[in-house]
Amino acid sequence: MSAFTKHRPPRSASRKRRAAAAEPAGPGGQVRDGGRARRRNHRRPAKPVAGTRIPRGMRGPVAVSLLPGLLLFGTFFLVPVFVLVATAFARWGGLDFAWVGLDNYRQMFDDPVFFKAMVNTLFYAAASVFIQVPLGVGVGMVLALRPRGWKALRTIIFIPFVISGAAYALIFSMFYNPRAGLLNNALGALGLPGDRDWLFDTATARWAVAGTFVFVIGFVVVLVMAEIASIPTEMYEAASVDGASTWQQLTRITLPLLRNVIGTAILIRLLVDIGMFDLVYILTAGGPDDATATLALYAYRAYLNGEWGYANAVGSVIIVIGLVLIVTVRRTFRIGERAL
Amino acid sequence: MIDSGTVTIRRRSAWTNTLIYGFLGIVALLALTPTVWVMLSSFKTGEQIFTGNGFWPSPFTTQGFVDAFTQIHLHEYMLNTLLYAGLGTVGALASAFLAAYPLARFSFRGRNALVALFSLALALPLVGLATPVFFVVRALGLFDSQIGMVIVYSALQFPFTFVVLRAFLLATPPELEEAAMIDGAGYFTTLFRVVLPLTRPALATVAVVAFVNIWNEFFFANLLLVSEENRNVQLVLAGFKSQFGFNVTGAVAGATLVMLVPICLFLILQRQVIAGLTAGAVK
Numbered sequence: 006m007s008a009f010t011k012h013r014p015p016r017s018a019s020r021k022r023r024a025a026a027a028e029p030a031g032p033g034g035q036v037r038d039g040g041r042a043r044r045r046n047h048r049r050p051a052k053p054v055a056g057t058r059i060p061r062g063m064r065g066p067v068a069v070s071l072l073p074g075l076l077l078f079g080t081f082f083l084v085p086v087f088v089l090v091a092t093a094f095a096r097w098g099g100l101d102f103a104w105v106g107l108d109n110y111r112q113m114f115d116d117p118v119f120f121k122a123m124v125n126t127l128f129y130a131a132a133s134v135f136i137q138v139p140l141g142v143g144v145g146m147v148l149a150l151r152p153r154g155w156k157a158l159r160t161i162i163f164i165p166f167v168i169s170g171a172a173y174a175l176i177f178s179m180f181y182n183p184r185a186g187l188l189n190n191a192l193g194a195l196g197l198p199g200d201r202d203w204l205f206d207t208a209t210a211r212w213a214v215a216g217t218f219v220f221v222i223g224f225v226v227v228l229v230m231a232e233i234a235s236i237p238t239e240m241y242e243a244a245s246v247d248g249a250s251t252w253q254q255l256t257r258i259t260l261p262l263l264r265n266v267i268g269t270a271i272l273i274r275l276l277v278d279i280g281m282f283d284l285v286y287i288l289t290a291g292g293p294d295d296a297t298a299t300l301a302l303y304a305y306r307a308y309l310n311g312e313w314g315y316a317n318a319v320g321s322v323i324i325v326i327g328l329v330l331i332v333t334v335r336r337t338f339r340i341g342e343r344a345l
Numbered sequence: 013m014i015d016s017g018t019v020t021i022r023r024r025s026a027w028t029n030t031l032i033y034g035f036l037g038i039v040a041l042l043a044l045t046p047t048v049w050v051m052l053s054s055f056k057t058g059e060q061i062f063t064g065n066g067f068w069p070s071p072f073t074t075q076g077f078v079d080a081f082t083q084i085h086l087h088e089y090m091l092n093t094l095l096y097a098g099l100g101t102v103g104a105l106a107s108a109f110l111a112a113y114p115l116a117r118f119s120f121r122g123r124n125a126l127v128a129l130f131s132l133a134l135a136l137p138l139v140g141l142a143t144p145v146f147f148v149v150r151a152l153g154l155f156d157s158q159i160g161m162v163i164v165y166s167a168l169q170f171p172f173t174f175v176v177l178r179a180f181l182l183a184t185p186p187e188l189e190e191a192a193m194i195d196g197a198g199y200f201t202t203l204f205r206v207v208l209p210l211t212r213p214a215l216a217t218v219a220v221v222a223f224v225n226i227w228n229e230f231f232f233a234n235l236l237l238v239s240e241e242n243r244n245v246q247l248v249l250a251g252f253k254s255q256f257g258f259n260v261t262g263a264v265a266g267a268t269l270v271m272l273v274p275i276c277l278f279l280i281l282q283r284q285v286i287a288g289l290t291a292g293a294v295k
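These protein sequences, in sequence, are chains S and L. The opening residue of the first sequence carries number 6 in the numbering used here; numbering runs sequentially from there. The opening residue of the second sequence carries number 13 in the numbering used here; numbering runs sequentially from there.
Be a bit skeptical, because a hint or two may be false.
[As the list claims (entries may be wrong)] Okay, the calculated beta carbon distance ranges per label pair:
(1) GLN83/L - ARG339/S: 54 to 62 Å
(2) ALA194/S - GLY34/L: 19 to 27 Å
(3) TRP104/S - GLY98/L: 38 to 46 Å
(4) PHE135/S - LEU210/L: 29 to 37 Å
(5) LEU76/S - PRO213/L: 23 to 31 Å
Keep in mind the hints are simulated off the structure, nothing from the lab. Beta carbons are placed, not taken as given, at the ideal position from N, Cα and C, and that holds for glycine.
Given these sequences and hints, build the entire structure.
Here it is as structure tokens:
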């Protein structure tokens, strides 16, 4: 739960792991570590949720204390959600307003561009689920074996994660550039045809966009490593004694125990992909011929055209797809009852 | 102290090690080559960038960095972004800490509903809310204003910050605060004198993550800002692409500097960043 208190994975974690197994899961998931109690296991709810009533005379201060959060949340989440739901059934450009029932949705389902955007969005989501997450899980598992230099490698592999979408767009517009880009120059140097305009050729555009983010795996890697740090070492020791190879330990012990965290990683990635905007907007503006456009970009175009009601109908579809994906992934990976 | 890790390493064959480093090396190469190449390009001349000749800068020049400040005025946008990220982080942390404490400690009517609502916001694809947020921001007179951006960013970072801080407080024993309250300390006295110091590690982790998130934010900046003088660095980066021909060396050097801010923060505060993200995800 509170992996953030003192996050100091593996090196000393093995000690903690052994301790954790020796005194199984106190209610706090607390683990004794050289006499200093330290909260580590992030998977177990730490404590039954506190049930104290508000002490006398503190109701006022508690209300005041909740106020800023309520105001921010109400203004920028609740009100927008209500506006979205209401105006998705209206023709609305800011001033003019007319109820139109389901017209926006009808228009959407009649528009081939909407379906293109939907398919592209799902394509990016699939690239995450089937390339990015497995790659991240693989790297996380290998790094958790703590080969020499694993810390430096983890740092290096994590760096792309803190680079913004806009910066990535600039990086890859240069990288894929047909004349001066590194990709074509490298291909040319290898004697391969090096003159393709990767981002603006309908055959490669979507893959080129996916190529910008599938290797940004740092987040999955650290999630996986934190999870592995909570697996009792005894399991590996026993396996070693029985003659299991590194490969067998990874596939038979580690991987099955990662089910939960893999589900979480997929979930978080899907939410990002469903709302994918920055990269596509800056890199290709959805082109060529909408081959890279996403739902978020499609909604944004409607907003720019002053079709706010229509934009909100698309927005509602994005949010509903997000919720459906969350429920599906949680079911599939049997993620615990933690709220997300 | 038996470290099982070392045991495993000793048992690993040369062949396994080759596989391990081969795999990690290829992934690192794929993940970083484009970025490193662009960063190196910030030391190249415009001609070398346009012709794409050579991986390394030759001739080596720092003119790009000079251009980034003298011609693009990057420092002005960096100051804007620093303002948004700094104050936005403070706003999110303050509101989330104030809300997380009572929602972690006391039971009252509507508490669970509130917690669920705040947490659910984490799972909302926010781009879907673009138009309504624009509408609300404009109605409040906060469109294209710096203070408006600070408020919006505080709100956007609130759910994540709240969820992590509340989880931390749930895992912290309440005895100290209870003692303080029994001794007659008021609610806010207890909150700031007793709880706040105990929460400092969690606050540090969420602060770094929130700061980096706001520094890197493009979508809402693009939606809610129009004036040149209010733009954040991500809007400037996005602008470089369309005016690529105009000052390519300054653009590439500028992009490098903008990227280096979160990268350096991460390198310095690695533990906090990783811990904060892990905690936020697993909730």
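Broken hints, numbered, in rising order? 4
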